[in-house]
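Listed here are the chains, written in short residue letters.
There are 2 protein chains.
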Amino acid sequence: MDVLIIGGSDAGISAALQARAVDPKCSVTLVVADTYPNFSICGLPFYLSGEVADWRTLAHRTRADIEAQGVELLLGHRAEQIYPSLKRVRVIDGAGQSKHLSYDRLIIGTGAEPRRPSIVGLDLPGVFVLHTMDDSFALHDHLDRKQPRRAVIVGGGYIGVEMADALIHRGLSVTLLQHGPSLLRAVDPAIGAEVALELRRHGARVITGVNIRSFETQGQSVLVRAEGGLQETADLVLVAAGVQPVSALAREAGIAVGEWGAIRVTRAMETNIADIFAAGDCVETYHQLLSRPAYLPLGTTAHKQGRVAGENAVGGKRLFEGSLGTQVVKVFDLAVAGTGLTESAALHEGYSPLVADIRVPHHKAYYPGAHELHLRLIGDLPTGKLLGGQILGHWQAEVAKRIDTFATALFHRMSVDGLMDLDLSYTPPVSSPWDPVQMVAQTWLRSARALRPSNSIS
Amino acid sequence: MDVLIIGGSDAGISAALQARAVDPKCSVTLVVADTYPNFSICGLPFYLSGEVADWRTLAHRTRADIEAQGVELLLGHRAEQIYPSLKRVRVIDGAGQSKHLSYDRLIIGTGAEPRRPSIVGLDLPGVFVLHTMDDSFALHDHLDRKQPRRAVIVGGGYIGVEMADALIHRGLSVTLLQHGPSLLRAVDPAIGAEVALELRRHGARVITGVNIRSFETQGQSVLVRAEGGLQETADLVLVAAGVQPVSALAREAGIAVGEWGAIRVTRAMETNIADIFAAGDCVETYHQLLSRPAYLPLGTTAHKQGRVAGENAVGGKRLFEGSLGTQVVKVFDLAVAGTGLTESAALHEGYSPLVADIRVPHHKAYYPGAHELHLRLIGDLPTGKLLGGQILGHWQAEVAKRIDTFATALFHRMSVDGLMDLDLSYTPPVSSPWDPVQMVAQTWLRSARALRPSNSIS
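Line by line, the protein sequences are chains A and B. If you read the first sequence in the working numbering, its first letter stands for residue 1, the second for the next number, and so on. If you read the second sequence in the working numbering, its first letter stands for residue 1, the second for the next number, and so on.
Worth flagging that the hints you see were computed from the coordinates, not collected in a lab. A quick note: this is a predicted structure, and the numbers were derived from the prediction, not measured. Hints are supplied without guarantee of correctness; some may be wrong.
In silico lysine-lysine, BS3-like type, Cα no more than 25 Å apart, as pairs [said to hold, decoys possible]: (1) B:Lys317 x A:Lys385; (2) A:Lys317 x A:Lys87; (3) A:Lys25 x A:Lys317; (4) B:Lys317 x B:Lys87; (5) A:Lys317 x B:Lys385; (6) A:Lys99 x A:Lys87.
Facing chain B, from chain A, some residues (calculated, C-beta under 8 Å) [claimed, not checked]: (7) Cys42; (8) Arg145; (9) Gly299; (10) Leu324; (11) Ala335; (12) Tyr366; (13) Phe411; (14) Leu422; (15) Leu424; (16) Pro428.
Every residue, glycine too, gets a C-beta built ideally from N, C-alpha and C.
Next up, chain A with everything else stripped away, as it sits in the complex (with noise of 0.2 Å):
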């Protein structure tokens, strides 16, 4: 069985380690744009901020490591056309050389690009983005070499948020302008506020609201234009408006894909096309709560989907079991977790979210060193079901660690109520006999209560 897959990141790594793992007679082979296969692309804020010295200890294997599970590695191959019927794909290699590679199953991990907002000026000097390796060689020389004091960062989605902690880490004064009213998509305004409050503590300027209407060089500078008179100079702007799935390969081939460009997926990771897999930031992902595709490009998601994919490709059939759209940012001193569905989200499901909202010691009051929790609880008043949580705190605190609890309920369709009969951990210096978790699902509990005097939920 030749197995070929198209993409060095996450997911066709972590499909290419499974099909092998399953199958060890299988033959894999994986064609990789760059020459960084394995590399870590959740690290580069932490590369440009000083804090990760060496860039190569960002990968997570290294091309032996890879070899060495019995994976050909293809670098600096480029895919330029997938031809179904022949089960071909044509490469071409760094030095422009075009070949064509055989297939039983072909992966497709493509990955995500970084979106353009209709920015005037988006290419000028000094206007970076950041997606891959170069992207990040580029602003780090950029960084070295030009010195700049000042940073626009357009975005306050997550890695906006990390950069603006990356580079006032690095010396530079930052404004961070936001389109939308918050920060960070996956958690409440509520919670959102207090990151701009973390960011603003450490000096950042944190603009919501804002339409940016073009980059204009001046000087050596660049003046952010936006709407309503806002201007901003820059020696660096850096534009991180979220990312849109490399699908074109895949649609040339007639492969299918949906609304955000994605490519379509059974939970097999099958495409429409026999014999053809899609996995990782590329495809729409199946959201576990909502039972339905959903655009979510996250490392953890890609690894996932890539394993199921490469076990599928070789005979196997496992089901991805979706996502929760789990995840955590770290921002100075703060950790910030969402899971499952915000406030705003599950109204726009037709839920009838009750939500609780705490502040908590991280572990009992009287042991030393208790940092204080804000938690979220999201709930379906009607039926008790649990739809997301929220979790914001020191980030030495098991803040990540405690949003797990809340993804692995939501993955069994807890309800609230069933979160007190979990046996989870405690001693004084690290929570409390009923976790935070569960006191928030407790003031939850007791003002549905009070919602519904006459109804059964305790």
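Dock chain B against the given chain A, drawing on the hints supplied.
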């Protein structure tokens, strides 16, 4: 509805608060033998270490907090006899006055008391147990007045281990003598051995396989004699040999007790006598994984059982969903946590356990500050069922809340394979794209695949 509750610790208070929350019209009276209702006895080691300066802060709630919830507290009242046919309880107050309290529903939360191993001299001056606030004051007083320098701790369970930490923190030299072959029964010996190492790294002597024969007064000190000639002289001996249920009051009223001397209860926390419930360290605990009773005295469990008993006492229909024995202990810089079955418990239950054992950084190694986690996953080889998980690592490496992912997975009877489908949170400073709890599952699956090449588990 008059609800009478005997016992003012975790189970009793939880029951009282839940009864009032579910039925605000019920009357709740709580009989508390001492004058310390709702104290965190799990916090006693941190009070004795000096880390908690004021013992009053150990109260989960003040007396006023509890009374504000409409709960009547009878402090310093001992329940002497239950008359089920009369639905009355005879109590004696602090002045020795006897009175009868009637009830519609009774909840027994009499807790546990330290086990007294058959050692000669257990009541000598300088020999202590630790369970109640008064025990703690006696020990604290001894530490202050006598300024002991050499302590012997008998017992290597979590209280013994925490107290070794606490007494070293106070400047004593500590010898920990453990009857069994390794420390902490809730984890496998491979993890227990690392706990012993951590204690030794901080100056403790740890000796396992010790059968203690006697304590003898030797001047101002205590001579500890064990089989095989081992002798230790100490200024302070702490016996921490586990606890046993306090169930005599119940037994004398005709309430059935089980093999550990613990009160038999249904999953609704009903005893065999109508309108009498029981909860907490005095009862048999339904083990969720084994689907049968066990004796697992833990504060977290007592809270949950109390909540169920309180709700059902006022007409609810809740079932206690069971314990997994989830626990975490902090020992100097480490946290050690376990849930579900250990390897030997799994064997004893007739499973065919396969254990995966890995050491991985708690977050991406390229980001500064990663600590090594030691994870063990116990799964049943023929069925692929998850049986238990254990984690040891730096106490700020999210050990405790990672064990909660295992606990939540066990609660839902997941397979090891299923762990790979969980959508857990990731950013390089807190985790990896596959969280360590998934990495150990991955390792388990690889081993299982190698042992069962023809099997479809992947």
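Against the structure, the hints come out as follows:
1. Distance check on the hinted pair: Lys317 of chain B and Lys385 of chain A sit about 19 Å apart at the alpha-carbon level, within 25 Å; holds.
2. For the hint linking Lys317 of chain A to Lys87 of chain A, the alpha-carbon distance of about 22 Å falls within 25 Å, and the restraint holds.
3. About 18 Å separates the Cα atoms of Lys25 of chain A and Lys317 of chain A, which keeps this hinted pair within 25 Å; it holds.
4. Straight-line distance between C-alpha atoms of Lys317 of chain B and Lys87 of chain B comes to about 22 Å, which keeps the hinted pair within the 25 Å bound.
5. Distance check on the hinted pair: Lys317 of chain A and Lys385 of chain B sit about 19 Å apart at the alpha-carbon level, within 25 Å; holds.
6. Taking the CA atoms of Lys99 of chain A and Lys87 of chain A, the gap is about 14 Å. The hint holds against a cut of 25 Å.
7. Nearest Cβ of chain B to the Cβ of Cys42 of chain A: about 6 Å, under the 8 Å cut. The hint holds.
8. Among the interface hints, the one on Arg145 of chain A is violated; its C-beta lies about 24 Å from the nearest C-beta in chain B, farther than the 8 Å criterion.
9. Among the interface hints, the one on Gly299 of chain A holds; its C-beta lies about 5 Å from the nearest C-beta in chain B, closer than the 8 Å criterion.
10. Taking 8 Å as the C-beta contact cut-off toward chain B, the hint placing Leu324 of chain A at the interface holds, the least distance being around 4 Å.
11. Given the 8 Å rule on beta carbons, the hint for Ala335 of chain A holds: about 6 Å separates it from the nearest Cβ of chain B.
12. Against a cut-off of 8 Å between C-beta atoms, the interface hint on Tyr366 of chain A holds, since the closest Cβ of chain B lies about 4 Å away.
13. Because the smallest distance between the Cβ of Phe411 of chain A and any Cβ of chain B comes to about 6 Å, under 8 Å, the interface hint for this residue holds.
14. With 8 Å as the threshold, the beta carbon of Leu422 of chain A comes within range of chain B, its nearest partner Cβ sitting at about 6 Å, so the hint holds.
15. Because the closest C-beta pair between Leu424 of chain A and chain B is about 5 Å apart, less than 8 Å, the hint holds.
16. A distance limit of 8 Å between C-beta atoms decides the matter here; for Pro428 of chain A the minimum to chain B is near 5 Å, and the interface restraint holds.
Hint violations for this structure: number 8 only, all remaining hints satisfied.
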